[in-house]
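*Asks:* Here is what each chain is made of, one letter per residue.
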Amino acid sequence: MKIKRKHSFSALLLPMYLFTILFVFLPIVYMIYISFMTRAEVWGFDTHVTLQNYMRILEPLYLDTFVRSLKLAFTTTVLVILIGYPFGYFMAKLSAKWKARMMMLMMIPFWTSSLVRLNGWVIVFQSNGVLDKILMGLGITTEPLKLLYSYPAVVFGMIYALCPFMILSVYSSVEKMDWSLLEAAVDLGANRRKAFFDITFKMTMPGLLSGVVLTFIPSMGLFFVADILGGSKVVLVGNIIQEQLTKGRNVPFAAALSVILMIMTSLIIALYRKIAGADANISGLG
Amino acid sequence: MEKAFTSVSAFSKCNEGRIKMAKTVLELQQITKSFTDKTKQTEVLKGIDFSINEGEFITLLGASGCGKTTLLRIIAGLESADTGSVLLEGEDITKKEPYLRDVNMVFQNYALFPHMTVAENIGYGLKTKKVPKKEIATKVQEMLELVQLEGYEKRMPDKLSGGQRQRVAIARAMINQPKVLLLDEPLGALDLKLRRQMQLELKRLQKKLNTTFIYITHDQEEAINMSDRIAVMHDGVFEQVGTPNEIYYQPETSYVASFVGNANLYHKADAVYAVRAESVLINETECTLDAVVIEKSFAGGQLRILFALSDGQKITASRFGIDYDLKVGEQAKIGWKEDSAVRVIANEN
Amino acid sequence: MKKNSLLSTIYLWIVTIILYIPIILTVIYSFNDNKSPVYWTGFSMRWYEELAHDRSMKEALINSLILAFSSCGLSILIATSAALAMRKRESKWDKIITYLSTLPIMIPEIILGMVFLGVFSFMNLPFGMLTLIIAHTTFCIPYIFSMVKARLQGIGTQLEEAAYDLGARPFRVFWDVTLPSILPAILSGAILAFAMSFDDVVISIFVTGASTNTLAIKIYTKLKTGVTPEINALATVLLVVTIAVILLSEITKKKEE
Numbered sequence: 026m027k028i029k030r031k032h033s034f035s036a037l038l039l040p041m042y043l044f045t046i047l048f049v050f051l052p053i054v055y056m057i058y059i060s061f062m063t064r065a066e067v068w069g070f071d072t073h074v075t076l077q078n079y080m081r082i083l084e085p086l087y088l089d090t091f092v093r094s095l096k097l098a099f100t101t102t103v104l105v106i107l108i109g110y111p112f113g114y115f116m117a118k119l120s121a122k123w124k125a126r127m128m129m130l131m132m133i134p135f136w137t138s139s140l141v142r143l144n145g146w147v148i149v150f151q152s153n154g155v156l157d158k159i160l161m162g163l164g165i166t167t168e169p170l171k172l173l174y175s176y177p178a179v180v181f182g183m184i185y186a187l188c189p190f191m192i193l194s195v196y197s198s199v200e201k202m203d204w205s206l207l208e209a210a211v212d213l214g215a216n217r218r219k220a221f222f223d224i225t226f227k228m229t230m231p232g233l234l235s236g237v238v239l240t241f242i243p244s245m246g247l248f249f250v251a252d253i254l255g256g257s258k259v260v261l262v263g264n265i266i267q268e269q270l271t272k273g274r275n276v277p278f279a280a281a282l283s284v285i286l287m288i289m290t291s292l293i294i295a296l297y298r299k300i301a302g303a304d305a306n307i308s309g310l311g
Numbered sequence: 002m003e004k005a006f007t008s009v010s011a012f013s014k015c016n017e018g019r020i021k022m023a024k025t026v027l028e029l030q031q032i033t034k035s036f037t038d039k040t041k042q043t044e045v046l047k048g049i050d051f052s053i054n055e056g057e058f059i060t061l062l063g064a065s066g067c068g069k070t071t072l073l074r075i076i077a078g079l080e081s082a083d084t085g086s087v088l089l090e091g092e093d094i095t096k097k098e099p100y101l102r103d104v105n106m107v108f109q110n111y112a113l114f115p116h117m118t119v120a121e122n123i124g125y126g127l128k129t130k131k132v133p134k135k136e137i138a139t140k141v142q143e144m145l146e147l148v149q150l151e152g153y154e155k156r157m158p159d160k161l162s163g164g165q166r167q168r169v170a171i172a173r174a175m176i177n178q179p180k181v182l183l184l185d186e187p188l189g190a191l192d193l194k195l196r197r198q199m200q201l202e203l204k205r206l207q208k209k210l211n212t213t214f215i216y217i218t219h220d221q222e223e224a225i226n227m228s229d230r231i232a233v234m235h236d237g238v239f240e241q242v243g244t245p246n247e248i249y250y251q252p253e254t255s256y257v258a259s260f261v262g263n264a265n266l267y268h269k270a271d272a273v274y275a276v277r278a279e280s281v282l283i284n285e286t287e288c289t290l291d292a293v294v295i296e297k298s299f300a301g302g303q304l305r306i307l308f309a310l311s312d313g314q315k316i317t318a319s320r321f322g323i324d325y326d327l328k329v330g331e332q333a334k335i336g337w338k339e340d341s342a343v344r345v346i347a348n349e350n
Numbered sequence: 010m011k012k013n014s015l016l017s018t019i020y021l022w023i024v025t026i027i028l029y030i031p032i033i034l035t036v037i038y039s040f041n042d043n044k045s046p047v048y049w050t051g052f053s054m055r056w057y058e059e060l061a062h063d064r065s066m067k068e069a070l071i072n073s074l075i076l077a078f079s080s081c082g083l084s085i086l087i088a089t090s091a092a093l094a095m096r097k098r099e100s101k102w103d104k105i106i107t108y109l110s111t112l113p114i115m116i117p118e119i120i121l122g123m124v125f126l127g128v129f130s131f132m133n134l135p136f137g138m139l140t141l142i143i144a145h146t147t148f149c150i151p152y153i154f155s156m157v158k159a160r161l162q163g164i165g166t167q168l169e170e171a172a173y174d175l176g177a178r179p180f181r182v183f184w185d186v187t188l189p190s191i192l193p194a195i196l197s198g199a200i201l202a203f204a205m206s207f208d209d210v211v212i213s214i215f216v217t218g219a220s221t222n223t224l225a226i227k228i229y230t231k232l233k234t235g236v237t238p239e240i241n242a243l244a245t246v247l248l249v250v251t252i253a254v255i256l257l258s259e260i261t262k263k264k265e266e
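Chains as they are written, first to last, in the numbering used here: chain A, 26 to 311; chain B, 2 to 350; chain C, 10 to 266.
The set of hints was computed from the structure by calculation and includes no laboratory data. Note that beta-carbon positions come from the ideal geometry of N, C-alpha and C, so glycine has one too. Keep in mind that a hint or two might mislead.
With a straight-line cut-off of 30 Å between C-alpha atoms, the simulated BS3-like cross-links for lysine-lysine are [claimed, not checked]: (1) A:LYS299 x B:LYS97; (2) C:LYS263 x B:LYS41; (3) B:LYS97 x A:LYS227; (4) A:LYS219 x B:LYS41; (5) C:LYS264 x A:LYS124; (6) B:LYS130 x A:LYS201; (7) A:LYS96 x C:LYS97; (8) C:LYS233 x A:LYS158; (9) A:LYS227 x B:LYS39; (10) C:LYS262 x A:LYS299; (11) A:LYS201 x B:LYS180; (12) A:LYS258 x C:LYS97; (13) A:LYS201 x C:LYS233; (14) C:LYS263 x B:LYS160; (15) B:LYS160 x A:LYS219; (16) C:LYS264 x B:LYS41; (17) C:LYS264 x B:LYS39; (18) B:LYS41 x A:LYS227; (19) B:LYS135 x A:LYS219; (20) B:LYS194 x B:LYS134; (21) B:LYS39 x A:LYS219.
If you anchor each label on the Cβ, the simulated ranges turn out as follows [as the list claims (entries may be wrong)]: (22) C:PHE180 x B:GLU331: 50 to 60 Å; (23) C:GLU259 x A:PHE226: 30 to 40 Å; (24) B:ASP326 x C:ARG181: 49 to 59 Å; (25) A:GLY164 x B:LYS130: 49 to 59 Å; (26) A:GLY164 x B:PRO133: 55 to 65 Å; (27) B:ARG205 x C:LEU15: 47 to 57 Å; (28) C:LYS233 x A:GLU84: 41 to 51 Å; (29) A:LEU160 x B:PRO133: 16 to 26 Å.
Covered stretches of chain C (in silico footprint by chain A; criterion: 3 or more residues with CB under 8 Å from a CB of chain A, positions within the stretch not fixed) [said to hold, decoys possible]: (30) 64–77; (31) 89–96; (32) 105–119; (33) 124–133; (34) 224–232; (35) 244–251.
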């Protein structure tokens, strides 16, 4: 059955096309353009083409920040995998009733401001805060640990903020697993551990990978985690971009930093697509 | 067991003789299993006793939910029995892990590993046993030849047709030379024509490799075509075990009679007799029962005529061809030769 | 399949409890009489009173709600109509646009903030609610679009063809068959998008004007300037509302069943 729909349907497409081109595509192009401009005296930029902004990134101060951000993102991602994968896996194997309950337990924090939740950790980690009081009360430590405003606190905050994405992503792919494949492997002589790595792990790889993307990419830009839990001690690319835009008022340099960060992001996504298959989607939220 | 008549054919007698000489490969003793679902407890297997001989083709025949798949999974070790034991060549394997059992399974949906090629799938069992790569490659080639899939080794499972997947699944299980091969409705997903062809092929493979097959199906034709012996399962018990001939011609219970080949169940006094539709005679000298034609239908190359007897019982007769000069509503006399009615034990249903 | 072992159950609970520690502490300390969370000096409702009298907080809440509702509404219209229109065609452009439209949730938020800051100044748009809505709509669209698209692929076209066959006009078919079957997908996409919009700080900070605060921005600035138990009280109120909404939707779901 053929229904006439040609022109009426393309009209439906128009808003999406317009919106995407006007507010996603062109702005990104514009940012790339700005990144080659010269900084203006007060705000904005002058239209002098220059590579100065990119050269500046190579200065040790900024290069170090990039390396540090990458290191932090990498550490965060590895830890998130180690914590989140088993959680998503076990969660998918719960009974239907408990699955629904667990899902609800996972979703409620999503609805609480992530800032407020981070602030909750400030209460815990603070010098003489909840954790110190408990540890000192139990006699495990004798003086405050000074955990707040340290690198470990930032890593912890990142893990805390991003782990749910990994959990949900792994959960949805374990959920889709055909368990008879695992039975087949066991039947063919693989012990449980081998069957897990040969079958379950490989079959849930797309979920794991999309979890990695959902963890790695944001962790390079979440400046407020470093802000709140790291004080001014831990500076990441995100913090520099924010600083350059607000205090430094150097828009072209912020744009150049963003372009580099975006290129790194695109490489990761491209890599993900290559491993997980061309039409793979980041499935954690879908 | 009370039987009104017996008609053991020469064929099944000789078959029985052969089986009795063979050695037992698998023995099931008093297997029970129940599942608890919320508050309800369902007994799926109610004490199964059975022994299977080497090289035998055994079919577990039954409607869905009769417990046949659970029994198969208990043999494979994927499910554990509540009580009872499983003996493989005399060794008690009831508590043995599934990956240590010399038993392999062909799964209902094939369960081919989608991320492995055909060759990797087939070679997986040998890989888990740490067989050298070269040897695996040779064996995989042999299996591919055996199931006529040469040249497909690099394919991924999703690029295969249903029949080809089926062959890969069989090759993957057979390469391990299991003492018993379990097949869980392996042809269920195929269309009728392909199913017939695969039936023959499976039978050929089984004879060639002389492997013991335990085969699950709900299709009585398939069971009759392929099996050395059939075990008809119903409600967690074996209703009857026997050669296809015995099951077909000498059903012991009314369930077996009606499930295998849809025999008529004729009640007379306190006894129940099974009469096959093709044995029902119409308007011949033996015919003594008054009947009315109430329905005519054509199915499977046969015309089926449904009669209502004067006492309300319904009897179906079948004839080859598509026409028979009886119209709906017409009166007729029907009956059967004495030896084509088999007295059976009445099941509750 | 084998059920979870005791160990894995314990693991699930430990991680879940850790997930809730900051939330529980926030609730507890919202009743702390002392300004500093280092000391507990007694139960008090003073932060709730302060919150109730804080007009700027109320304003921010209203702004956040306006922002989340408008960007979700706009996204539903744009994403759903596009998903419907793209369904039965194979077009390279559609694929490119789909890919571009997912960029806002793929690239780090800070870049998006930077991008919007640049382009809105270039366009001379006044920074405020309008720019906030545009920015939030860009990252709400992909959530709704991907869910609706997946759902449309799932339902196929048979039902609609049956409706056409039975004589329904295109609009009736959409209203009676298509819409009811994609509504759950629209809703779950919109709920997610709503949560993201309500919680967003990074992008909002760059595109908002001096006079327009959202709740998330307000929380951020308050937290940066020092400890403020008023925020704890606010978070507790929001948490109670959230749990109430979730429970209510669960109850109605159960009743429907």
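*Asks:* Of the numbered hints stated earlier in the document, which are not met by this structure?
*Replies:* 1, 4, 7, 9, 10, 11, 12, 13, 14, 18, 20, 21, 28, 29 and 30
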